[in-house]
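Let chain A serve as the given structure and place chain B on it in line with the hints.
Here the protein sequences line up with chains A and B, keeping their order. With the first letter of the first sequence counted as 1, position 203 gets the number 203 in the working numbering; the numbers rise by one all the way through. With the first letter of the second sequence counted as 1, position 174 gets the number 1174 in the working numbering; the numbers rise by one all the way through.
The reader is advised that the hints may include incorrect statements.
To be verified - Computed from the model, here is a short list of chain A residues facing chain B with C-beta under 10 Å: (1) Thr-6; (2) Arg-21; (3) Arg-25; (4) Arg-26; (5) Gly-86; (6) Asp-196; (7) Ala-223; (8) Arg-225; (9) Phe-228.
Unchecked claim - In silico negatives: residues of chain B with every beta carbon more than 12 Å from chain A: (10) Cys-1029; (11) Thr-1103; (12) Thr-1130; (13) Arg-1169; (14) Leu-1170; (15) Gln-1172; (16) Ser-1206.
Don't read these hints as lab results, they were simulated from the structure. Positions of the beta carbon are idealized from the N, C-alpha and C atoms, including for glycine.
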Amino acid sequence: MSTAVTSLPAVMALVFARECRLAFRRWSQLAQPVVFFLMVTTLFPLALSPEPALLRSIGPGVVWVAAVLASLLALESLFKTDWDDGTLEQWALSDQPLAMLLLAKVAAHWCLSGVPLALCAPVVGYALGLPMSALGTLMGALALGSAVLSLLGAVGAALTLGSRRGSVLLALMVLPLAMPVLIFGARATDLAMNGDAPDAGLWLLAAGLIAAISLVPLALGAAVRVSFE
Amino acid sequence: MAASLLEVRDLHLWRGSLHVLRGLSFEACAGDVLVLEGANGSGKTSLLRVLAGLLWPEAGEVRWEGQALDDDRAALGRRVSFLGHEQGLHADLTPAENAMFATQLRRRCAADEVREALAQVGMADTDRPTRALSAGQRRRVAMARVLLAKAPVWLLDEPWTHLDASGVRLCQDLIEAHAAHGGLVVLSAHYGVDFKSTRLRRLGLS
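Chain A extracted, bound-state conformation (with noise of 0.2 Å):
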């Protein structure tokens, strides 16, 4: 009865493509984050002023608070469907490390949420008046950023498995953990709009992506594997 035993890569590889099909298949889920965070950044000149002064001067500041609100509103699904219907256990059963099965499936998750918006930001971005310079800038941040969120939200996502109260636990254990990105995002943002160098607050983000990356897979294992008590 003996296997030939799948690569690691080849399993995480296996596990983003059918992250990417199954999201393909529920194009409504897939779109909720980038309408919500059109909407939300649509709504605040109309709400506030259309004046370009004000829109410029609080342009990334909104752009930060609604790519934060959106990336957790597609937290909430990241692991309930593959937990309620039995898959997470299938996997922590396989002979491939949970842990790395659970990056697979976040690094898919990332893709399918946080480059959209990140994509959408230069048009948002243009739209609350922010200069052509900073929209480089505004973009690579917001890609770092939503990587960030997206791994800090998965361990939040892993923790609140089984819990009736989910969402709003989530919302409590990730936002304060999102505060660093939505300082260092928004400032790098600030500083490319007044012609500033903005990479410290670029390599913060990145210095924050690469610790999530090292430590979030660990987390997110134990995370699952205690949900199954």
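Showing chain B alone in chain A's frame:
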């Protein structure tokens, strides 16, 4: 007597304030069909989950081929195929996609092999998403996943739940064939099950 494939020694498990497993000890060998019997809440599911490494007992020891459960998780994964109350099937994937994905987590697998396993459980021609299947059909697909894992040990939690009479017979045949080929099957059942296997053993939980 063959060497033990599974050894359980003085196992204690609490679920909240309830002492579910109280000093349970037993052994099982390759070729055995071990049926865990007992009323609702007697700890059958909990015991299966402990054997699969999904639950940690408060005391006692589980050894697979002499190796403690936590010594090598990957080896445990290669050794065991688990069918729980949940089927481990995603509602938006077809039976073939579900079975293929679950198998590829463990080993390389060709589409023909998946088709063959699905045919074995009477689900060959179904390409609807799993959400469109009946509970019994989903159980059959889950059984195909167990077959495809090619693991020497099957841990089956009430495998015939939702199955019709032909499904129950099919499931029993698959279990007997697996044991006859040197596999070990540990399964839970509410009521007495009748196997032709000469290596049938029963473990009552109370």
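Q | Assertion that B:Leu-1170 lies farther than 12 Å from chain A (Cβ) | A | 21 Å, holds
Q) Minimum Cβ separation between B:Cys-1029 and chain A greater than 12 Å? A) B:Cys-1029 clear of chain A: closest Cβ-Cβ about 15 Å, beyond 12 Å.
Q: Closer than 10 Å between Cβ atoms is the bar; does A:Thr-6 clear it against chain B? Give me holds or violated.
A: 6 Å, holds
**Q.** Interface restraint verdict for A:Arg-21 against chain B (beta-carbon cut-off 10 Å)
**A.** This hint holds: A:Arg-21 lies near chain B, its Cβ roughly 8 Å from the closest one there, short of 10 Å.
Q: Using 10 Å as the Cβ threshold, decide whether A:Ala-223 counts as touching chain B.
A: 14 Å, violated
Q) Given A:Arg-26 as an interface hint, is the shortest Cβ-Cβ distance to chain B below 10 Å? A) With a minimum Cβ separation of about 7 Å from chain B (threshold 10 Å), the hint on A:Arg-26 holds.
Q) Taking the least C-beta to C-beta distance, is A:Arg-225 closer than 10 Å to chain B? A) This hint holds: A:Arg-225 lies near chain B, its Cβ roughly 8 Å from the closest one there, short of 10 Å.
(Q) Checking a non-interface call: every C-beta of chain A should be farther than 12 Å from the C-beta of B:Thr-1103. Is that right? (A) B:Thr-1103 not clear of chain A: closest Cβ-Cβ about 9 Å, inside 12 Å.
Q: Taking the shortest Cβ-to-Cβ distance between B:Ser-1206 and chain A, state whether it exceeds 12 Å.
A: Check passes; 23 Å lies beyond 12 Å.
Q | chain A versus B:Gln-1172 - minimum CB to CB distance exceeding 12 Å, so not interface | A | Holds, because the least Cβ-Cβ distance between B:Gln-1172 and chain A comes to about 21 Å, which exceeds 12 Å.
Q.
A:Asp-196 was flagged as interface toward chain B. Is the shortest Cβ-Cβ separation under 10 Å?
A. Not OK, violated: A:Asp-196 not within 10 Å of chain B, min 47 Å.
**Q.** Distal placement of B:Arg-1169 relative to chain A, Cβ over 12 Å
**A.** 24 Å, holds
Checked against the numbered hints given earlier, this structure breaks hints 6, 7, 11, 12; the rest are met.
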